[in-house]
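Visitor: Reassemble the complex: the two chains are provided individually, in unrelated frames, and hints are given to aid placement.
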Amino acid sequence: MTMQQLTVVLVDDEKDFVENLSKRLQLRGIRATATTDGEQGLEAITRLRPRVAVVDVKMPGIDGLRLLRRIKELSPGTQVILLTGHASTQDGIRGMELGAFDYMTKPVAIEALLDQINKAAGSPRVGDDDRGRFAP
Amino acid sequence: MDTDQPPGRPSLLSRLVRAWAGEEPVRHYKLLRRNITVIMSAVAIVPLFVMVQLNHYEYRKVLWSEVEDPMRVLLNKTRQSFQLFLTERQSALSFIASAYTFQELADGKNLTRLFQVMRKELGGFVDLGLIDSSGVQVSYVGPYRLEGKQYRDHKWFQEVSVKGSHISEVFQGYRGFPHFVVAVRHSQPDGRDFVLRATIDTDMFVSLIRSLELDPKSDAFITNRSGVLQTPSRFYGTFLEQLPIPVPPIRFEPTIVETMDPTGHPILLGYTYFESPSFVLFLIKPRDEALRGWHPFEGGIATIFLVSAGVIILVAHRISTVLVRRIDEADRRRELALRTMEHTNKLASIGRLAAGVAHEINNPMAIINEKAGLMEDLLGQMPDFVARDRFLKLTASIRHSVGRCSDITHRLLGFARRMDVQIESIDLNELVTEVYSFLEKEAFHRNIEVRLELAEDLPTILSDRGQLQQVFLNILNNAFEAVTDRGLVVIKSREQDRDTVAVSIRDNGIGMSEATKQRIFEPFFTAKKAHGTGLGLSITYGIVNKLGGNILVESTEGQWAEVTVLLPRQRAEGPVE
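Going line by line, the protein sequences match chains A and B. To convert, note that position 26 of the first sequence is 26 in the working numbering; the numbers rise steadily by one, no gaps. Quick note, the working numbering runs 1000 ahead of the 1-based positions in the second sequence.
If we strip away everything but chain B, and leave its shape as in the complex, we get (with noise of 0.2 Å):
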C-alpha cells in the first residue's frame, strides 16, 4: 500500500517502439540529449584541447631549445678551437719571420732547427719553407722536394703578397695525404718581402674533432664554402669530397635548421661559418634522435587527452541521458496532473449539471405526482363513476413512473452531490449497489448477469463517497466493456483483515495479456483501439492511492479479469507526491 508509481515503468525500448508505432513524441526528447551531449563534451573538450595543444607547443619550444643549445655552444667551442689552433700557427709563423732575418733563414741549418723546434713546441708542422719576393722557394726543409719550385702564379702566393698571411684549405698533398698550408710575409725594412710558408698535417683537426665526443648517431665537420670537405665526416664522405648536403647560407653566429639528408632523414643541421679562413663547421644530429624524449611525451599527452575526451563524452551522454529522462518523467506527470484535474474539472461540471437538472425535473414530477394523487382522491369520492377502476389504474401508473423519475434523479444527485472530499462513514455494500444500478439498465439490455455476493458483516470504512463512487464506476463500466451479451460479471465485497475491505468486480470477459497487465494503470497506455484517453484506469489507481489504498489486477487472456480494491477502515494518509 505505499507504492507511488504505478507497476511496469516503460522501458527506453518500448517507448521507442511505440514513438514507432506512432504514441509518443521521443525523437525530440533524443534530439535534445543528443545536443546536450554534444555542447557539455564541446565545453569541455574544447578548452582540454587548447590547453593541450599550448602545453604541446610550449614543451616543444623547451625541448627544442634544450637540444639547440648545447648545440650551438659545442658550435662556438668548437669553432674556438679550431680558429686558436690556426692562430697559434699563425703566430708561430710571424714571429718566426719577424725575429730572424731573410739571410738567416735562407740558410738551411736554420731553418732545420727552427722547424724541429717548432714541431716540437707546436706539433703538426710537416715542413716549413722560406720564399723570396720573385717567388722562388730559397730554402726548404721538410719530406718533399721543393727547393727552387716557383710560386708566383699560384694564387696563394698572390694572396699572401697582398693580405700578408694565408691559410690554405685542405688539399690533397704529395702522397695523399690532406694537408693545408699556413703562410706568412714579412717586409722587411730594405723593401725585400719574403713569405715564410709552412704546411701542417689535418691530425690534429681530426683529434679535435674526436675530442667533442659525439654519440655515434651525431656527426661534425668542417667544409669550404664550396661544400668540399676539410674534415673526414662519419656520414657523409672523406676529405676533399663534395658534401652531399647543399651548404647553408652565411652566419657568422651558431645556426641550427631542421632539414633532410640525403637519405632522407630528418636531421637538426648546425652550422656556422668561420671569418678566417673561409671554413664552415657542421654539426648534425639526427632529429628523431634529437626529440628522443618527445615522442613519448607526445604519445602519452595524446593518449591522456583521448582518454579524457572519451570519458567526458561518456559522462556528458550519461548525465544528459538522465537529465532528459527526468525531464520526460516531469513533462509526462505534468501532462497527468493536467488531465487528471481536467478530468475532476469534468467530471465537477457534469455533476453540477446534473444536479441542475434533476432538481429542475423534481419540480415538474412533484407535480405530476401531486395532479395523479388528487385524481385519485376525487376518483375516491366518486364510487358510481363508470370509469373509476380504470382511472385508477392508470393515475396508479402515472404515479409509478414518477417514482421512477424519482429514483433516477436521486440517484443522480447522490453521484454527482460530492466533488470536494469529505470524509465520512461509508457503507461499502450500500455504494457498490449504488453505483451497479446505474448500469442496470445496460445489464439488462445487453443480457449481462451481474451477481453481487456482499460480505453481509463488512464494516464500515471512512473515505470519501464521491471518489469511491468514481472508482467503482470506472471499474465496473470496464467489466461491462469486456464481456459480451450475455456475459457475466460478479462483484464481491469482503473484509480481507483487521484493517482492510476489499472489493473486487470479476468479469468473464475477453482478459489482458501478461504485458497489458503490466501496463494497464499506465497513463495513456489503452487497450482500446478505437477511442479511450488511457487516462480512466490511471486516474482511478491516483484516487484509490490517495485514500491510502490498492488495486490489484488478475487475468487469463480470453478467459477472465478480476479487478480488486482494497481499502484502510481508517484513511491512512496519501502517499507524499
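Just chain A, with the same shape it has in the complex (with noise of 0.2 Å):
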C-alpha cells in the first residue's frame, strides 16, 4: 500500500490547527480531510472509510472518547490516533482500551505523527463487516 493512497480523516475543534495540519499532510502526499465537530467526522469517516483517523480528545459536543466508540462501531476497519494538549495516563489507558492505536499529545512533531499513522495504516486490516475490537 502506497503513501499516495492512504486516506487520513482529521477531527479536531480547532479549525487552524486542523486545516493547517491536513495541509501538511497533503503536503507529504495523504489524501487528508479536515472536520471541526465529531459529528461532520463520523460522517466523513463512514463515507470515505479512511485507514487512519486523528481525533482530537477534547472537543465540545461528542468528545473523542465516544467518538472513538462511534467510529469502532460503524468503521471498526479505521485506526485511531488520539491527539490531546493535555496528556495524561489514565486518559491514554482509557483510550487504548477503547481501541485506540495511539495517544499523542500536541504540539505534535509531523514526523512523529507520519509515523504513526504509517503504522497504524500498516497493521493488520479488519473486514467492514468485522466488528470486532482489536486488542490494545
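I should point out that these hints are in silico values taken from the structure, not numbers from a laboratory. C-beta: ideal position from N, C-alpha, C; glycine also. Among the hints, a few may not be true.
Straight-line alpha carbon distances no greater than 27 Å define the calculated DSS-like cross-link-like pairs of lysine-lysine that follow [what the hints assert, rightly or not]:
#: 1; chain 1: B; residue 1: K1371; chain 2: A; residue 2: K119
#: 2; chain 1: B; residue 1: K1371; chain 2: A; residue 2: K15
#: 3; chain 1: B; residue 1: K1061; chain 2: B; residue 2: K1217
#: 4; chain 1: B; residue 1: K1371; chain 2: A; residue 2: K23
#: 5; chain 1: B; residue 1: K1346; chain 2: A; residue 2: K58
#: 6; chain 1: B; residue 1: K1061; chain 2: A; residue 2: K58
Partial list, computed: chain A residues near chain B (C-beta under 10 Å) [unchecked claim]:
#: 7; residue: D16
#: 8; residue: V18
#: 9; residue: L21
#: 10; residue: L27
#: 11; residue: R31
#: 12; residue: L42
#: 13; residue: L83
#: 14; residue: T105
#: 15; residue: K106
#: 16; residue: A109
#: 17; residue: I110
Guide: Written out as C-alpha cells, the structure is:
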C-alpha cells in the first residue's frame, strides 16, 4: 500500500490547527480531510472509510473518546490516533482500552505523527463487516 | 520511622518566652488553668470546710455537756448535802423545843444534858441557849458567857419570832471562829413563845466541801447573796471576805456560765442558789482545764483540714495543668490539621488552575507549531526563494520556542496532575530531576550551582508521586533560600539499605543553630523573620511520615545544612494518628 492512496480523516475543533495539519499531510502525499466536530468527522469517516483517523480528545459536543467508540462501531477498519493538549496516562489507558491505536500530545511533531499514521495503516486489516475489537 | 511527634516538643518555658515575644496566646490558657484550679478546689474545699465546722460545733457541744453535766450533778448533790445538814440541825432543835417545856429547858442541868447528847449524836454544836419571849437568854450552855443577854433588838430574833425558824449567815464569833446560828421558835399553849438557839461551827461545811474531792485547779465554796464568803475558797478568799467575782443572777437550778476570774483567766462558773438559807453555792473550774481534751482535737482537725485543703489545691492545680495542656495540644493539632487541609486545598486549586491553563495554552501552541511547520513545508517547495534560508531559520526558531513552551506546560501539568494519593512505582532520580527543573531558571539567574549525584542503580519505590513532588520541591526551595547567589546545592540519592532509599539535599547556605534544628519541623515555627507561615516543613514532615518515611536534618550554623528524606521501598502503613 503506497502513501499515495492513504486516506486520513482529521477531527479537531480547532479550525486553524486541523486545516493546517491537513495541508501539511497533503503536501506529503496523504489524502487528508479536515473536519471540525464529531458529527462531521463521523460522516466523513463513514463516507470515505479511511485507514486512519486522527481525533482530538477534548471537543465540545461528542468528545474524542465517545467518537472513538462510534468509529469502532461504524467503521472498525479505521485505526484511530488520539490527540490531546493534556497528557494523562489515565486517559491514555482509557483510550487504548477503547481501541485507539495510539495517543499523542499536542503540539505534535509532524514526523512523529506520520510515523504513527504509517504504522496504523500497516496494521492488520479488519473487514468492514467485522465488528470485532482490536486488542490494544 | 515510627515517631509521630515532631522532634523537640516545646517546654512551658519556651512557650512562655514565645508568648512574651507575642507569638502565642499562652495567657488565655493560664487563665483557664487558674479558673479550673480555683473551681475544683472550691468545690472540694467548701463542703469540707462546712463539714469541719459542723463537726467542730457538734463536738464542742458534746464536750461542753460532758464538762457541764458533771458540774451540774455535783452542784445539786452538794446543795442537797448542805440543805440536809442544815435541816437535820434545825429539826433537832424543833424536836427538842417541842418535846420539852420552857421550864424544863430553863433548867441548866437539863439543857447541859441535852447539849451533850446533841453534840454526841449530831456534832457541830458549839452552844445551846433558851431565850424567852422578851428576848432574854434565860438559860445557856456553851463557851461564851451569854446568860442574860438581851436579843430583842437583834434582827435574827425578830426574824425568828415572825418566821418561826432562822438560820444565820456565817459570822465571826467570839475568839474569831466562824460560826452560824440555827434558831427555832416554839409556841406554847399558854401563848408564851420561846426560842431555842444553837451555834454551829463551820467545820462541817468545810469537810463537806473537802469531801467533793475536787481537782487541784477547781474551787467550790458558799457565799451569801451579796457575795460574802461563808466557807473558805481555795483561790478567792476566806471566811467573810468578799468574793471578787460578781454574784450571778438568781437561779435555783444549777447553772453554768463562762466568765473571767479576777486574774483574767477564763473560767467556768457553776452556781446555784439555796432557797433557805440565802446562800449561793459556787463551783469554779478553769476553762482550759475543763476543755483540756478540746485543744488537741481542735488542733488535729485544723491540721487535717489544712493538709487536705493543701492536697486538694495541689491536685486540682496538677489536674488542671494536665487538662489545659491537653486542650492546648488538641487546639494546636487541630490548627495544624486545618492549615494542612487548607494547604492541600490550595495546592489542589492551583493544580486545577494550572492544568486548565496548560491545556488552554497547548492548543494555540499547537497551531503556531503547525503553521510554522507549514511554512517550512512550503519553503521546501520554493528552492529559488531569495530569503528561503533566512525564513527557514526563523521558522526553526519559532518551533524551538514552541518546544520550550510545551516543556513548561507539560511539566506544570505533570506536577499538578495528581491530588489524590495514587501509589505507583516511582523512579526517585527522575522525580527529583523533574522537581529541580522547576527551579532551574532561578538557579541559573542566581548562579547557584546545582549538582545531581544520583545513584545509578537506585531501586524504584512504591509511593505517591504528587506528594513526593511536594516534599522535594519544598526542601529544594528552602535550600535555595538558604544559599546566597553563587551558592552550591547538591542533590544525592542512594540506596540506604535493603528496604530504604535516601535522597539528600545539601546546601552551603546559612545553616541553622542547634536550637533551630530542634524545632525545625514544629508547626508555626519559622526562622524567616519577615514571611513564612512556618508550616511548610511541618507539613512536609507530615507527608513523609504518612508515606512511611522519615526526615533527618544536619547542619552547622553559618556553613551548611543537609536534609535527608528516607523512604521505604514498599509503602509501609502510615502511623496511626
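Visitor: Against chain B, with CB atoms and a cut of 10 Å, does the hint on D16(A) hold up?
Guide: Status holds, d = 5 Å.
Visitor: Between K1371(B) and K119(A), is the straight-line Cα distance small enough, at 27 Å or below?
Guide: holds (25 Å)
Visitor: Does K1061(B) pair with K58(A) here, judged by a C-alpha cut-off of 27 Å?
Guide: Violated: K1061(B) and K58(A) sit about 99 Å apart, past 27 Å.
Visitor: Under 10 Å is the threshold here; is the Cβ of R31(A) close enough to any Cβ of chain B for the hint to stand?
Guide: R31(A) check fails; min Cβ-Cβ to chain B is 16 Å, beyond 10 Å.
Visitor: Could you grab the alpha-carbon distance between K1371(B) and K23(A) and see if it respects the 27 Å cut-off?
Guide: holds (10 Å)
Visitor: For the pair supplied as a hint, K1061(B) and K1217(B), is the alpha-carbon distance within the 27 Å limit?
Guide: holds (23 Å)
Visitor: So if I understand the rule, the pair passes when the alpha-carbon distance is 27 Å or less; does K1371(B) with K15(A) pass?
Guide: holds (12 Å)
Visitor: Can the restraint linking K1346(B) and K58(A) be considered satisfied, given a maximum Cα separation of 27 Å?
Guide: holds (26 Å)
Visitor: Under 10 Å, Cβ to Cβ, is where K106(A) needs to be relative to chain B, so tell me if that hint holds or is violated.
Guide: holds (4 Å)
Visitor: Holds or violated: is there a CB of chain B closer than 10 Å to the CB of A109(A)?
Guide: At 8 Å from the nearest chain B Cβ, A109(A) passes the 10 Å test, so the hint holds.
Visitor: Can you verify the interface hint for L27(A): is its Cβ closer than 10 Å to any Cβ in chain B?
Guide: This interface hint holds because 5 Å falls under the 10 Å limit.
Visitor: Given L83(A) as an interface hint, is the shortest Cβ-Cβ distance to chain B below 10 Å?
Guide: This interface hint holds because 8 Å falls under the 10 Å limit.
Hint check: violations occur at hints 6, 11 and 12; the rest are consistent with the structure.
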